[in-house]
Each structure stands twice: as C-alpha cells, then as structure tokens.
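As they're listed, the protein sequences go chains R and C.
All residue numbers for the first sequence refer to full-length UniProt numbering, where the first residue is 1 and numbers rise by one.
All residue numbers for the second sequence refer to full-length UniProt numbering, where the first residue is 1 and numbers rise by one.
Just so you know, the hints here were simulated from the structure itself, not pulled from any lab data.
One or more hints might be untrue.
Just so you know, same-sequence chains aren't split out, so a pair can sit in one copy or run between any two.
Simulated pairs of lysine to any residue, SDA-like, Cα-Cα distance not exceeding 20 Å [to be verified]: (1) Lys184 / Leu57; (2) Lys141 / His318; (3) Lys111 / Ala93; (4) Lys111 / Thr268; (5) Lys23 / Arg253; (6) Lys375 / Ala364; (7) Lys141 / Val327; (8) Lys25 / Gln320.
Protein chains: 2
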Amino acid sequence: MAVKIGLVGTGTVGGGCIDIIQKHKDDFLRHFGVDIELARVCSLSPAEAEAHGVGHLFTDNFNNIINDPEIDIVVELIGGTTIARTVVTGALAAGKNVVTANKALMATHGKEVMEAAEAAGKELAFEASVGGGIPIIDPLKHSLIANEITSVMGIVNGTTNYMLTRMADNGLSYEDALHEAQQKGFAEADPTADVGGFDAAAKIAILASIAFNSRVTLDDVFTDGITNISPVDIEAARDMGYVIKLLAIAHRREDGVDVRVHPTMIPTNHQLATVNGVFNAIYVVGDFVGETMFFGEGAGAGAAASAVMGDVLEVARHIQQGVAPIVGCTCTDDLPILPMDELVMRYYLRFSVTDRPGVLETMAGVFARHNISVKSIVQRGRSGAERVDQVVVTHRCRERDIREALEEALALDNVVLDTPSVIRVEE
Amino acid sequence: MAVKIGLVGTGTVGGGCIDIIQKHKDDFLRHFGVDIELARVCSLSPAEAEAHGVGHLFTDNFNNIINDPEIDIVVELIGGTTIARTVVTGALAAGKNVVTANKALMATHGKEVMEAAEAAGKELAFEASVGGGIPIIDPLKHSLIANEITSVMGIVNGTTNYMLTRMADNGLSYEDALHEAQQKGFAEADPTADVGGFDAAAKIAILASIAFNSRVTLDDVFTDGITNISPVDIEAARDMGYVIKLLAIAHRREDGVDVRVHPTMIPTNHQLATVNGVFNAIYVVGDFVGETMFFGEGAGAGAAASAVMGDVLEVARHIQQGVAPIVGCTCTDDLPILPMDELVMRYYLRFSVTDRPGVLETMAGVFARHNISVKSIVQRGRSGAERVDQVVVTHRCRERDIREALEEALALDNVVLDTPSVIRVEE
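Only chain R is shown next, with the shape it has when bound in the complex (with noise of 0.2 Å):
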C-alpha cells in the first residue's frame, strides 16, 4: 500500500516536491520498493496546486491534513515558526511522521520539535533546513558518528555568497552587488535576513547541535552580516592570501562550543575560498576522518525539492517495513556556549578615517590602550577628498579587546568616519 504524504505549502519547495513525484515515483518503486502517493496538497493558493496539476488535491485547511487518519507524512514547507510550528507539533501529535525544510523553526524550537516527535514515537526529518540539496544533516546523523566533530564551517547563505563573489571576482560594490542579486532574485527585497547573517546564524545552530550532540539555538549564535564589506577589504585580503566568505562557524572547544557568523578572511588555498556564485558547502573536520567537505546548490526548487524528497523517501521506507524511528534526537550532552567577548583570533579592521597628521598616532593609541598588538596599519584606497582607509591587522587578541577599542575609536572626535569593516580571520 502507498505511504501518503501530504504536502504544506506550493511555493518553490513544494512545487519542487510535486515535480519529483511526477515524474520518479515509478522509479522509486522499482529501484527502491517504496510506493509513495500525493494524497493532499495544502496552501493559499488554489492556483499554484493547479499549476502543478494537483488542483484537486488541493486545500485551503491544513487541519484537512494533519487529521487526515490516510496520511502518513506531512510536509511542511511554509517556513516561519508561527503557522509552522502548530503544523509541526499538531502533525506530530496527530500520530504523522513530519518532513521539514524549516530552519528557523529547528534553530529556534528544535528541542519542541524533536521531543514532540519522539514522544509520538514518529520522524521528524529536516535535511533541507541547511544546505539545500546538500546532504549534511544526514551524514552527521550516520556516516560520521564514529568521529567526535570538532569543526563545522559553513558557507551557507548563497546570496551572501553570490555578492561576494561579484565584488572580489568583478569589482562590484555592495550596493551594486545586491542590486544585481535582487534582480536574479537570490536576494528579497527586504535583504536582512541574508545580508545581516541571520538565515546563515540559524543554520550553524542546527549543525552545531548535531555535530556536537548538545543543543545550540540561534540566539546562542554571535552574528555580524556583510553590510559593512567594501571592494577595498577585498582587495586588501587578495594581498594578504585571502578571501572573504560569510562564514557559519562552529568549533569545538576545550571548555565549551564557539559559534558566530561574520564575514570572515579564509586563505586562498582553504578549500571553502573556491565556494563561489549561489554555491553553499559546509566544511567538517573530525578527529578520525580528518577534513571533509560537503558542496552543492544551497537554494532553489530542485535542490532542496531533492533535499526534502530524499527525507521522505527514507521515512517512507521505514512506515513500509515497519521501523520505528531510527534516529532521534542527539542531542546528550549540554555544552556551554563560550561568549564572544573571550575568543581570541586575529582581526582585520578598516577605518574610515580622517586624512590628516596625528590620526595615525590618535588610532595607535587606541589599540595600544585596550592591549591590542597590531601587525600593520596601512593606508589604502582614498574614499574621498578628506577621508582615507586605515586597514589595521592585528596579531591574536581578545574579542572584547576589539569591541572596546572599536567602541572608543568611534567615541573619537572627527576621526572615524563611518562605520568600520570588521573581519575575523581562520587560518
């Protein structure tokens, strides 16, 4: 017999979904033995079901699914965590396994969500949250386990991804760089959640937390976006053999979990500097496997319709041998999360300053202040008749070193101009 799915949401995803089932479901039965069937579609739009020629599955309710006593797997693919979550939770509770693609719905109530699931005794599987057609979360949940991860490192927004690589590829300027993405439609019109690290902050807590078995939300994420990046950063690190990415960054520590997103400087030769355009790879280091990397598209219909698809498949392969859920949650260990202000690392900071004599002196003497050992000030690229950059590289120093000498530096009087670029680098 079948095992029915009932799908939530006809957007992109969904539409994806639809599109996969069309066309390999005969496949999949002959390859794998499992017989999967459609059996309602949910979303506001009568037009997007028909449009994929499931206009008479359609409902406007999705209480027409989640109690429906014939589906087995419901599939939510809304996002958001307000309707989703009751999808979620009230699917779970009505006795159905639950495919998701919901980042934010696993970074911000992933402990909910999982308990909820295991107190039903049913899967809840959510591959598509991270990546998009990559798989990452799997391999973490199976073909690793015998590591303990200490590195997760991941350029996992492709909007970001993409602008970056404009401005360092062909000297694109953020605005110019953004512009363009909007256009593509990688980037929405209100940009925030890509640009300002968000999606990607959400992300890294969902692998954090599988990689290091310990729960790690997305307010436990410091996050800095790459609003502040200019041409000249790149270039600068161009010259010094790097690169800039918007990095999701999860290690491992002695005393607890570090986990951020910034715009970070990786050199060249780091496998993740050749990550470029909408591409999304998440890097993994183990202490037995050693360094591996997962690459593919982290966005659009097909790649997270793959991503999704793959989930329930191995979920309806479980309902038709009668398995019971596998795999769980991993989440044993309660790890502290180290706060920001005690990392050490080295940094690369553009001023926009002044261009006149003592400035130089003037910021010095900041640094010198808050015991920063600084490698090298230089001038760079004139933004203006009286304004010039000051790139500063320091050696290793302390984070709230950093914040608190970016604070007084901004506290000066006519000195700073604007806003200043701050990059951490991984070597």
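We have chain R; now place chain C onto it with these hints.
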C-alpha cells in the same frame, strides 16, 4: 546487550577501527544508545593486535570469528578477492552482518555478495570501499535518491592526485613525483594499481552501480593511467585553462552507461580542479539536486576507519532496534555499458616526434584520413636534440577514430618516437 564485533585484519585500517572503539565507545552509548564491543580480532600478526592492546582477543583463524555465535558484525579489512571473499560470504552464510572496505571484492563480485546478504537477511555495508572517509555511498543510497543521477566523476585515487599535484605545482617529473610518493608512503613499491588507474576503476564501478541502479563491474570500465603524463602536458593544459586529473567518470547517457578512468583535462574553474594532494572528491550531478561534491581524505588509517566504523555503528543501531536490513542491493535496472570506441569527445594528444621537415604534414595526414577534425597542432618543449613534442588538440571526435589514428601514427617509420600522451577533455 552490547553488539559484538569481530575484526578480520589489523593493518592500517583495522588498527584505526580499534583506536576509534577504544576512544569513543562510551560516546557512542551516550549519544546514540549504541553499545558495541570488540569481541575478537583476526590477523596474521599477533604483534599488530598486541600493539593496539587487543592481544587477548587475537586469533589467526577467521573461522573463529565467522563461526562464533556471539559475534553480530564481521568487519573484513584484509582486501583482495580470495580470502576476503571467503570471509564475507562465509560470515553472511553464518548469519552475520558484514562491513567491508574491500573495493576489489565489491567491484568484481558485488552481485554475488549482495545476493548472499539478501539471502541471509543480513546487512552488507561498504562505505569505506570508495573515497576513504568521505560519505558518498550512504548519500547515494539515502539523501540523493529522489534524483536521477546523471553523472558521477571522482578523484578517487590519492596517490595519483598527489603525483599530479606535485607535477603541476612544483614542476616535478613523473618519475620524481612517483619516487616522492613512494618515500612518503602514498605509493606502493609496485604502483601499478594506482598509476595504472585500476584502483580508481574499481571505485567508479561501485559508484556507478549505485548511482544508476544498474550493475557495473570492474571489467566494464575502460581504464588508462597516468604513466605517460609529463610536465609538458600539464603546462599545455594550463595554457588552455585546464588542469589534468586522473578522473573516474560515469555518465548516464540516453543509450546506456559511459564509464571510464583516464587522465582528464577539466577547466580550472571546475570544482574538482582545486582538489589537490592526497585528497579525494566525488562530484555528483542529479536531475533535481544539480551539482554536488563530496570532499575529504581518500586514504589513511583514520579516514578509512571512520567510514568503516560509521557503517558498524549504523548496523549496530539496526541490530539493537531489531530492524532488518533497510537497504540492500539497488541494482534493479540493466543498462548497457557503452563501448568506449563509440564515445565522442575532445582529445589532447602529445607525440614525441622526429624533428625534421615533413613530420607535421605526415601527422596532419593521419588525422585527416581518420576524419579527425584538428583544432590545433603546436610544437612545444623540445625534449632532445632530434625530437620535439607535437601537441594536437581535436574538436569532438569518435574514440575509435582516435585509436585507429594513433595506431597508424605509431606504425609510421621514424616519426613517433615514444608512447603518446592521450588526455580526454571533460567540459
């Protein structure tokens, strides 16, 4: 009750497995509820077992493992297709689950052993047979199954990738690169399996079988190695915007499977082009997921042991939960293997020819007679006083025509002085 493991083979990988169990046994129980115990260790060398602190588990007779009623999972790490085959089929027949890293066995007798597993109702897992620690078989059998996979291309031999990287980055000759690889322990005293492409051929047979749901064996794979690659080729590739990699390639074509291993030119901006040194990577294209790539350490004790133990833990999970094998053989189709002679692509050919008037015309004539449309013939780097390298780049043409042209050219009197270098181009 603990799931009991019998390990056959205590070499590099087997030693790594023992290390993992000793280091992480408690973590596996705490994080995943998986309780494993190393129960018996078989090897020809009691000293190897002693060195890992498991001398008390030692036996030199594998029958003591496959016939031990207490043992749940037999891990075969001796390699080859003789004793290993007996161990694997014997263990399955005795009702054991099997985990193996044996590429030769899977590429040659895959059908037999998968059927033996199915007949026994037991699991046969072999993630470590391809790509060392890189999760690739598991993603192909789970996360990516919503796709029709159209291509799998891999750098799956670390030895040759190390050599080609040293030749490209540091100008080493083939001989010096091989010598260095041998000194560093990356290449065997007899390097034929690596430099001849046979190791890679076994791996692509396994990957193609899974990706295309159709059995491909080692004998199906056209195989050419890197023994004729010289620094001249690498330099010429660079000038054309390419790098040379030993690629294991499998494409699903309309009329069957195109599967082969040979030195290949790929564009420098291809994601595989920056995979250097002993690292491996497998690039997979699916109809919905688009491009993906899986990167990591292709060899070494830790990496391979990570893959083996990932399989062991997964099988142990299933045993503890009373779950029968969830995924067995997925080769449900029977796609024809396309004859190499019929394939059409672009070629780079380098001939060491006599440096005298008329040779260029003679060679041009050979190509013309075989309907090979030549894009360019360039003379490069004189390799001696009376010989010169003639580099020929063709438009798309048929493999058979190239083969016949090469035969004719080699038969010419005093024209071609050495084995030509033949490099196929992937766009």
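Structure-based check of all given hints:
1. Lys184 / Leu57: neither (32 Å within a copy, 63 Å between copies)
2. Lys141 / His318: For Lys141 and His318, both the intra-copy (16 Å) and inter-copy (14 Å) Cα distances are at most 20 Å.
3. Lys111 / Ala93: within (15 Å within a copy, 43 Å between copies)
4. Lys111 / Thr268: Close neither inside one copy (38 Å) nor across copies (44 Å); limit 20 Å.
5. Lys23 / Arg253: between (46 Å within a copy, 18 Å between copies)
6. Lys375 / Ala364: Within one copy, since 11 Å is at most 20 Å while 60 Å is not.
7. Lys141 / Val327: both (8 Å within a copy, 17 Å between copies)
8. Lys25 / Gln320: Only inside one copy: Lys25 and Gln320 sit 15 Å apart there, 32 Å across copies, limit 20 Å.
When each numbered hint is compared with the structure, violations occur for hints 1, 4.
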